[in-house]
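Turn these sequences into a full structure, and let the hints steer you where they fit.
Counting in the working numbering, the sequence shown runs from 10 upward without gaps.
By construction, these hints were calculated from the structure, which means they are not laboratory data.
Idealized CB from N, CA, C, for every residue including glycine.
One or more of the hints may lead you astray.
Claimed, not checked - Using 25 angstroms as the maximum straight-line C-alpha spacing, the simulated BS3-like pairs for lysine-lysine come out as follows:
| id | residue 1 | residue 2 |
| --- | --- | --- |
| 1 | Lys31 | Lys20 |
| 2 | Lys77 | Lys100 |
| 3 | Lys100 | Lys140 |
As the list claims (entries may be wrong) - DEER-style ranges, computed between Cβ atoms:
| id | residue 1 | residue 2 | range |
| --- | --- | --- | --- |
| 4 | Gly144 | Asp44 | 30 to 40 angstroms |
| 5 | Leu42 | Ser71 | 32 to 42 angstroms |
| 6 | Ala116 | Ala12 | 16 to 26 angstroms |
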Amino acid sequence: GQAHPMDEPGKAYLQELVAKIKEFGLEDRMVVLEDYDMYLARVLVHGSDVWLNTPRRPMEASGTSGMKAALNGVLNLSVLDGWWAEAYNGKNGFAIGDERVYENEEAQDMADAQALYDVLEGEVLPLFYAKGPEGYSSGWLSMVHESLRTVGPRFSAARMVREYLALY
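In structure tokens form, the structure reads like this:
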């Protein structure tokens, strides 16, 4: 992970996360990839089936990593904030909960955590492991196709430039 250079709470949180991983002996199950850069992003996108994004609503920065993942055939699993609230259509990836924002951060975290577990257990894992005789999940592949069809044209620099020229 990498917090913004000016995000002191974000940097402290990452340090705390690394300490907790060590404290609970989870080094074989969790890893924090430091110094996130373009190369590491490329490797992660190429090796992923699902892109998990859990920003606290309404704090999603820009969502470019999720867009990049989608353009490479990776399905998004994210809270409905930022770009994913615009892109998600129910057939091109997975949503964590709804767009409700709680005033209490602890209540928000509890609701989002439960929603994440529910969508993993009820949608993501069953669809991914529903492999037919051909050896892959046709439902998963259909969702990947829908993601490529809907995200690519809508979230691209080409569209941005076209709209900018038309508006200004």
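Against the structure, the hints come out as follows:
1. Lys31 - Lys20: holds (17 angstroms)
2. Lys77 - Lys100: Given pair Lys77, Lys100 holds - Cα atoms ~18 angstroms apart, limit 25 angstroms.
3. Lys100 - Lys140: With a Cα-Cα distance of about 18 angstroms, the restraint between Lys100 and Lys140 holds, given a limit of 25 angstroms.
4. Gly144 - Asp44: 30 to 40 angstroms: Holds, since Gly144 and Asp44 (Cβ atoms, about 37 angstroms apart) stay within the stated range.
5. Leu42 - Ser71: 32 to 42 angstroms: violated (20 angstroms)
6. Ala116 - Ala12: 16 to 26 angstroms: Taking Cβ atoms as reference, Ala116 and Ala12 lie about 24 angstroms apart, which means the hint holds.
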